[in-house]
Amino acid sequence: MCRILFSALATLIVPVGLFAQAVAPGPSDAFQIRYAANLNLGDSVIDITNAGTLNGYDPTGTICVNMYAFDPNEEEISCCTCRVTPNGLNSVSVNGQLASNPLTPAHPTSVVIKLLASNGAYGCNAAAPGPLVSGLRAWGTTLHKLPSGGVALTETEFAPATLSATELGKITSYCGFIQANGSGFGICAGCSTGGLAVAK
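Numbering-wise (numbering that gives the first Met the number 0), the sequence shown opens with residue 0 and increments by one.
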């Protein structure tokens, strides 16, 4: 009940500050988006690397990959961050890490996943990311139902998208609300070192 109330309050309270936040334009690959479907049939995974565009050496080349997950009702159900060093490979299980502890009580069968790359020198906090940077590369898997009744697994790259000031304000403000008022719910488990693959 408390999680539903917090979700409803976030919808009413958070938008007030969205229009006051200005944002400098970020690199074209700093904001990326993808979906994961049929999570009730199996897991989806995300593999993330850092191309070293910011700097080829750690720690100055480290990027924060800020992650935001949305359920089919367009509610932000979780957020967290992942430090990725130049040429590092990190992974996220959608069922096991990203959507395992949602703000809302139901476990979603599909999610929209938004990734935002920021400069690791400013600290990693999905509610207050540092300056946006280039170099994020990410791939994700998802399951598709087949006409025969089985499922097929596909993997594609995340798609770069244009980030508006209002969208940045929304995803980070909602994440801040989750951190402050979610009683631990909605804070996802971050990422693991190494790549993941999912068998169908």
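Just so you know, not all the hints are guaranteed correct.
[What the hints assert, rightly or not] Taking CB as the label site, the calculated pair distances span:
id, residue 1, residue 2, range
1, G122, S163, 21 to 27 Å
2, S99, N72, 30 to 36 Å
3, N72, G41, 19 to 25 Å
If you are wondering where the hints come from, they were derived from the structure by calculation, not from laboratory data. Beta carbons are placed, not taken as given, at the ideal position from N, Cα and C, and that holds for glycine.
Do the hints match the structure? See the list:
1. Taking 21 to 27 Å as the suggested C-beta distance range, the pair G122 and S163 conforms, at roughly 24 Å.
2. A hinted range of 30 to 36 Å is violated for the C-beta pair S99 and N72, which are about 18 Å apart.
3. Restraint check, N72 to G41: a C-beta distance of roughly 22 Å satisfies the suggested window 19 to 25 Å.
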